[in-house]
Amino acid sequence: MSFESFVAKRYLVSKHKINFITIISIISVIGITIGVAALIIVLSVFNGFGSLVTSFLMNFEPHLRVEMISPESNRELLAKVLQSNKEINDYSPFVSGKVLVYNYGLTKVVSLKGIDEQSADDIYGINKSILFGKFDLSKNGKFPKVIIGLQLADRLQTLPGDTITIISPAGVEKALTQFTMPNTKRFIVSGIYSSDNNDYDASYIFSSLKECQDLLGYSKNIQGFEIKLNNIDESFDVKEKLSSELNKNLYSVNTWYDFHKDLYSVMQIERWTAYIILSLIIAVATFNILGSLSMSVIEKKRDIGVLRSMGAGEKSILKIFMFEGLLIGTIGTLAGILIGYLVCYLQLKFNIYPLDPTQYKIDTLPVELRLSDFFYISGASMLLSFLASLYPAKKAVKVNIVESIKWE
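If you're matching positions, the sequence shown starts at 7 in our numbering and goes up one per residue.
Because the hints were derived from the structure by calculation, they are not lab data.
Quick caveat: nothing in here was measured; it's all calculated off a predicted structure.
Positions of the beta carbon are idealized from the N, C-alpha and C atoms, including for glycine.
One thing to keep in mind: the hints can contain errors.
Stated by the list, open to error - Derived pair list, reagent style BS3-like, types lysine-lysine, alpha-carbon separation capped at 25 angstroms: (1) K92 - K140; (2) K86 - K234; (3) K234 - K114; (4) K15 - K325; (5) K134 - K234; (6) K86 - K114; (7) K254 - K86; (8) K145 - K254; (9) K140 - K191; (10) K15 - K104; (11) K234 - K191; (12) K267 - K367; (13) K404 - K307; (14) K104 - K86; (15) K321 - K307; (16) K216 - K140.
What the hints assert, rightly or not - The following label-pair restraints were derived from C-beta to C-beta distances: (17) F242 - F381: 43 to 49 angstroms; (18) F242 - P360: 34 to 40 angstroms; (19) D168 - I282: 48 to 54 angstroms.
Sequences are here, hints too, so could you generate the full structure?
Right, dumping it as structure tokens:
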């Protein structure tokens with residue numbers, strides 16, 4: 007232990023008495039502890055909800071989507087590029103578009119997606135989310151089959167085995183000018199899925215690629231390929247790689263994040279808002295450090311003069327009071343990290359804060375600990391403690407030696 011840290015520790019923890027300055031220092035430690043613990047808990051909950059939302063979306067969304075945006079786009083060339091990429095686990099052709107679903111006077115505008123049944127389970131995971139009926143897009147009889155969401159089924163009052171009518175805008179222009187019927191098909195509902203997202207369940211339906219190509223006016227063409235990666239964390243890197251290999255005028259590459267950018271932007275804003283607000287607790291606590299150290303400088307003016315007269319330099323005096331402030335910050339930060347981690351661990355292990363699954367779709371408050379959060383929070387706490395200690399430490403250096411010991 008250095009001379010400066012020894013003196014700083016003795017100034018902070020007196021063996022003989024607890025004075026007003028010590029009480030303020032204790033309040034500072036408690037304030038920093040509460041702030042750090044609250045930040046860790048709240049950000050971990052945000053992480054948990056973020057991962058939960060992503061897992062819900064990934065049940066039905068691909069990791070990447072490459073669309074052919076020009077008549078000159080080459081399907082075979084695109085397939086070769088995807089095939090040569092080792093990060094890609096599987097890919098599947100698709101078409102999609104807005105359609106009107108009709109059933110006995112009940113209507114709803116939804117997004118229809120045509121997918122390849124053979125690779126659908128690997129890309130989308132719809133099969134795992136079927137509540138009623140089964141995942142079947144084959145055309146065994148007169149009508150093709152369609153998978154719809156639970157909310158849409160409720161809206162249309164339909165069950166597996168019922169038929170619904172789907173009207174595509176692809177033939178509307180021709181229908182208006184030539185007085186013909188727009189592209190219309192009847193489908194049999196083969197299955198009803200639940201994605202744990204009511205908006206999604208009410209707005210997305212799935213059928214076979216061939217039937218959707220005919221209905222949406224694609225003929226034998228496709229809109230592009232939807233891709234599942236070996237690791238979702240590689241989405242952005244693979245996007246950059248594909249974008250560099252493909253002509254941007256012919257192909258458009260988007261990640262799962264791009265599909266839901268607005269949602270994740272709102273979540274990120276909420277996360278930063280919580281971070282800033284809770285950081286104010288730490289900031290207020292560090293003001294107490296500034297106050298306690300300033301009073302300590304006044305109280306220890308004689309000690310400072312004695313130390314300086316015994317040969318202690320300005321740098322040593324600066325270090326003493328900087329160490330004292332940082333010691334308060336370190337104790338509070340470590341205690342906050344310990345409490346925050348303990349609360350999150352108890353929630354993960356014992357579910358100390360359960361949720362009603364009928365209201366929230368989940369039975370426990372989601373928590374996800376991230377090492378980066380611990381670094382950022384502890385770094386911010388220590389930085390504020392450092393800044394709060396700087397002014398009193400500089401005031402201590404400026405203490406006049408003669409004035410401080412002339413009556414000794």
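Here is what the structure says about each hint:
1. K92 - K140: violated (33 angstroms)
2. K86 - K234: Holds, at about 16 angstroms.
3. K234 - K114: violated (30 angstroms)
4. K15 - K325: Distance of about 12 angstroms is within 25 angstroms: holds.
5. K134 - K234: holds (16 angstroms)
6. K86 - K114: Roughly 38 angstroms between the alpha carbons, so the hint for K86 and K114 is violated.
7. K254 - K86: holds (17 angstroms)
8. K145 - K254: violated (37 angstroms)
9. K140 - K191: holds (21 angstroms)
10. K15 - K104: violated (70 angstroms)
11. K234 - K191: This hinted pair is violated, its Cα atoms lying about 30 angstroms apart.
12. K267 - K367: Holds. K267 to K367 sits at ~23 angstroms (cutoff 25 angstroms).
13. K404 - K307: Holds, at about 10 angstroms.
14. K104 - K86: violated (29 angstroms)
15. K321 - K307: Within the cut-off at roughly 16 angstroms; holds.
16. K216 - K140: holds (20 angstroms)
17. F242 - F381: 43 to 49 angstroms: violated (22 angstroms)
18. F242 - P360: 34 to 40 angstroms: holds (35 angstroms)
19. D168 - I282: 48 to 54 angstroms: holds (52 angstroms)
Hint compliance for this structure: hints 1, 3, 6, 8, 10, 11, 14 and 17 are not met, and every other hint is.
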